[in-house]
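Trainee: Sequence:
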Amino acid sequence: MAEKYNQLADQIVELVGGKENVVSLYHCITRLRFKLKDESIAAKNENEIKKLNGVLSVAQANNQYQVIIGNEVDKVYAAIDQKYKFPNPVSAGESAGQSEEAEEKGNIVIRFLNTLTAIFNPIIMPLAGAGMIKALLVLLTTFDLMSTESATYGILSAAGNSVFYFLPLFLAVSAARVFKANPFISLAIVAALMEPNFTNLITETGVRVSFLGIPTVLMSYTGTVIPSIIAIFIYSYLERWLKTWIPKSLEIFLLPMISLLIMVPLTVIVLGPIGVTLGNGLGDVINFISARSGLLAGFIIGGFWSLLVMVGVHWGVVPIMINNIATYGYDVIRPMIAAATFASAGAALGVYFRAKKPETKSLALSSMVPALLGGITEPIVYGISIKYKKPLYAQIIGGGIAGAFMGMMQTKAIVYVFPALTTLPAFAGDTFVYYIIGISIAFFLTAILTYIFGIDEDEAEVVDVTPTETLIDENPTTLIAPMAGELISIEAVDDPVFSSKAMGNGFAVKPTDGKVVAPITGKVSAVFPTKHAFGIVSDTGIEVLVHIGINTVELDGKGFDIRIQPDDYVDKGQVVGQVDLSVLKENNYDTTTMVVITNSNDNPDYTLPPTP
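My numbering puts the first residue of the sequence shown at 90, with every later residue one more than the last.
Calculated from the structure, these hints are not laboratory results.
Treat the hints with care, as some may be off.
Restricting the straight-line Cα-Cα distance to at most 20 Å, the calculated cross-link-like pairs of lysine to any residue (SDA-like) are [said to hold, decoys possible]:
{"#": "1", "residue 1": "Lys445", "residue 2": "Gln499"}
{"#": "2", "residue 1": "Lys93", "residue 2": "Gln149"}
{"#": "3", "residue 1": "Lys139", "residue 2": "Asp99"}
{"#": "4", "residue 1": "Lys647", "residue 2": "Lys612"}
{"#": "5", "residue 1": "Lys450", "residue 2": "Lys478"}
{"#": "6", "residue 1": "Lys172", "residue 2": "Asn250"}
{"#": "7", "residue 1": "Lys674", "residue 2": "Ala573"}
{"#": "8", "residue 1": "Lys93", "residue 2": "Lys126"}
{"#": "9", "residue 1": "Lys93", "residue 2": "Asp163"}
{"#": "10", "residue 1": "Lys174", "residue 2": "Asn250"}
{"#": "11", "residue 1": "Lys612", "residue 2": "Asp99"}
{"#": "12", "residue 1": "Lys133", "residue 2": "Gln100"}
{"#": "13", "residue 1": "Lys139", "residue 2": "Lys478"}
{"#": "14", "residue 1": "Lys269", "residue 2": "Leu344"}
{"#": "15", "residue 1": "Lys332", "residue 2": "Thr311"}
{"#": "16", "residue 1": "Lys599", "residue 2": "Glu675"}
{"#": "17", "residue 1": "Lys478", "residue 2": "Ile389"}
{"#": "18", "residue 1": "Lys450", "residue 2": "Ile537"}
{"#": "19", "residue 1": "Lys133", "residue 2": "Val664"}
{"#": "20", "residue 1": "Lys126", "residue 2": "Gln149"}
{"#": "21", "residue 1": "Lys612", "residue 2": "Asp669"}
{"#": "22", "residue 1": "Lys604", "residue 2": "Ile537"}
Derived CB-CB ranges, DEER-like [stated by the list, open to error]:
{"#": "23", "residue 1": "Ser309", "residue 2": "Leu454", "range": "42 to 52 Å"}
{"#": "24", "residue 1": "Leu454", "residue 2": "Asn142", "range": "16 to 26 Å"}
{"#": "25", "residue 1": "Ile341", "residue 2": "Leu367", "range": "31 to 41 Å"}
{"#": "26", "residue 1": "Asn142", "residue 2": "Ala591", "range": "20 to 30 Å"}
{"#": "27", "residue 1": "Thr292", "residue 2": "Leu510", "range": "36 to 46 Å"}
{"#": "28", "residue 1": "Trp330", "residue 2": "Leu510", "range": "50 to 60 Å"}
{"#": "29", "residue 1": "Asn286", "residue 2": "Leu454", "range": "51 to 61 Å"}
{"#": "30", "residue 1": "Ile351", "residue 2": "Leu454", "range": "18 to 28 Å"}
{"#": "31", "residue 1": "Ala248", "residue 2": "Met283", "range": "17 to 27 Å"}
{"#": "32", "residue 1": "Leu234", "residue 2": "Pro565", "range": "58 to 68 Å"}
Built from N, CA and C at the ideal position, the CB exists for glycine as well.
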């Protein structure tokens, strides 16, 4: 099993440009997130990466080249890390081996989203774990299974509250790594805001005191999100400036002493109140929009959240959700997101019942389980919804309607978790029944719509393209012409590479129509970037290359509209694209289209259409 991950690790690194092209790498729940010196190298190899066994898809967003693996991403990352030791921006603050050029790449919005991703990604797991403990305690006490006065409750409550109460400390460490500041001095700065001598001064929210004659408004920073991030961002610049003039021999005590003397008062007087005000303001805006038009907000989030995840901008919403829970004790955004999660699972269920091919059913069932139990939907989004298109439409409609319902009913989450069946207690409360109704709508409505809409494998257009007007042979080892026209032998092709059978045995057709179909049933193994050629591997192992025209690679895709992708499954006779034959003729290119069995020497079990 380890060899499987090691092989995939080597293949991915090679295709993204090799070790020398990787600036840094880390992973989230389903994706390897590369920062590359030159993304164009990986882009050129995108089809090769997508067809790797173990890769679901790729995405380029937020100045990252993201290879989507799914549930086994941690194992693939571990294999890469063991061999290549790329800098991890989450654990090392992007300091090791990162060029200034790579760091400055992208506009301010992209860099902001990258920063949020790097800061929040490491603390999502402890947040979710502690949140589930809080939710379970709510259920246990609600049904009188545990007393709030018991020591057991007190100990478990401490476990559940730990991350939320000390959230500023977690953020301080994480932000220090991202902003390249000393994590322990950063921790000390934020810890001062939670030290009893400071908290005892806060007799009420907004109490005014004097610091060296400066009027200061005190606030509680327990559970806050933004103040820590702003404080450590400012401190990172202060630290770099202090290091330019503090002697190295005195840095061990002067740097932390001066840093604390400056940053703690600055945070208490200026940065902290600004951060609290911003956090509360964002929460107030979201709650205002939800209260005034929860139906619209829910439809947008429930219907289109998966698309936001695909481009990586969902991280901009995470701080708002966490801040809502810390400030108000609940969040209204998370239930709307749950609508998108369960709609994805519903799409998989619909595909499972509608699909005819065993491999499609298997993919649908295997990707639905992690979505329902863990809230992991990317295997569905990339492996099913985007691939077959119509399940994505059903997912948008079903998720949008469910999200609108939950938004209209002001459905709440009491802790931050990934929406799933295993995290139902996180939505316990007076709106829990609306949450159950909402996710049920998302799941079952999307499944029904997906089944009604169908998927592409059932809608493949089959046409007769053989010149003799015979029906398509259902024998899986028999090939048909990919285009209508005059069949000729491979030896008659005006290209010695093909006519000599150096690439393998086959046949050719002089096309009279530009419609292109699959000559055999199987899985698409490759599609050339210029679209002039593609490969299919049949279920029986026959490797087929379709090459449209001679030397047409020089057209750089002009006139070609091949609409299949690697790993697509096509049926014999299924329309896979269109070629404008007039473009080839106007540019003096021979339109003869070759069909070659590239493994004909090793696989004699195939049948070609009759040729002169």
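Trainee: Against this structure, judge whether each hint is valid.
Mentor: Verification of the supplied hints:
Annotation: proposed proximity of Lys445 to Gln499 is violated, straight-line Cα distance about 40 Å (limit 20 Å). At most 20 Å may separate the alpha-carbon atoms for a hinted pair to count; Lys93 and Gln149 exceed this at roughly 25 Å. Note on Lys139 and Asp99: the hinted pairing holds, with a Cα-Cα distance of about 15 Å set against a maximum of 20 Å. Pair hint Lys647 plus Lys612 does not hold up; C-alpha atoms about 25 Å apart against a cutoff of 20 Å.
A hinted pair counts as satisfied when its Cα atoms are at most 20 Å apart, and Lys450 with Lys478 qualifies at roughly 16 Å. Taking the CA atoms of Lys172 and Asn250, the gap is about 39 Å. The hint is violated against a cut of 20 Å. Between Lys674 and Ala573 the CA atoms are separated by roughly 17 Å; this keeps the pair inside 20 Å, and the hint holds. Taken as a hint, the Lys93 and Lys126 pair is broken in the structure, with Cα atoms around 27 Å apart against an allowance of 20 Å.
Simply put, Lys93 and Asp163 have alpha-carbon atoms about 13 Å apart, close enough for the 20 Å limit, and the pair holds. The suggested pairing of Lys174 with Asn250 is violated, with an alpha-carbon distance near 35 Å, which exceeds 20 Å. For the suggested pair Lys612 and Asp99, the alpha carbons sit about 24 Å apart, so the restraint of at most 20 Å is broken. Restraint check for Lys133 and Gln100: the C-alpha separation of about 15 Å stays at or below 20 Å, so the hint holds.
Taking the CA atoms of Lys139 and Lys478, the gap is near 17 Å; set against the 20 Å cutoff, the hint holds. Proposed proximity of Lys269 and Leu344 is supported: the alpha carbons are some 15 Å apart, at most 20 Å. The hinted pair formed by Lys332 and Thr311 fails the criterion: a straight-line CA distance of about 31 Å is larger than 20 Å. Among the hinted pairs, Lys599 with Glu675 is consistent with the structure: their alpha-carbon atoms are about 16 Å apart, no more than 20 Å.
Between Lys478 and Ile389 the alpha-carbon distance is near 19 Å, which keeps this suggested pair within the 20 Å criterion. Using a Cα cut-off of 20 Å, the hinted pair Lys450 and Ile537 holds, with the two alpha carbons roughly 16 Å apart. A C-alpha spacing of about 26 Å is found between Lys133 and Val664, which places the hinted pair above 20 Å, so the restraint is violated. Restraint check: the Cα-Cα separation between Lys126 and Gln149 comes to about 14 Å, which is no more than 20 Å; the hinted pair holds.
Among the hinted pairs, Lys612 with Asp669 is inconsistent with the structure: their alpha-carbon atoms are about 25 Å apart, more than 20 Å. Annotation: proposed proximity of Lys604 to Ile537 is violated, straight-line Cα distance about 33 Å (limit 20 Å). Between Ser309 and Leu454, the C-beta spacing of about 49 Å keeps the proposed range 42 to 52 Å intact. Taken as a hint, the range 16 to 26 Å holds for the pair Leu454 and Asn142, whose Cβ atoms sit roughly 19 Å apart.
About 35 Å separates the C-beta atoms of Ile341 and Leu367, a value consistent with the hinted range of 31 to 41 Å. The supplied range of 20 to 30 Å is met by Asn142 and Ala591, whose beta-carbon atoms lie about 29 Å from each other. Hint check: Thr292 to Leu510, Cβ distance near 45 Å, so the stated range 36 to 46 Å holds. In this structure the supplied range 50 to 60 Å holds for Trp330 paired with Leu510, their Cβ-Cβ distance being about 51 Å.
Separation of Asn286 from Leu454 is about 58 Å and conforms to the stated range, judged on CB atoms against 51 to 61 Å. Range check, Ile351 to Leu454: Cβ separation about 58 Å, and the 18 to 28 Å hint is violated. A hinted range of 17 to 27 Å for the beta carbons of Ala248 and Met283 is consistent with their spacing of about 18 Å. Against the hinted window of 58 to 68 Å, the Cβ-Cβ separation of Leu234 and Pro565 comes to about 60 Å, which satisfies the hint.
The structure is inconsistent with the numbered hints 1, 2, 4, 6, 8, 10, 11, 15, 19, 21, 22 and 30, although it conforms to all the rest.
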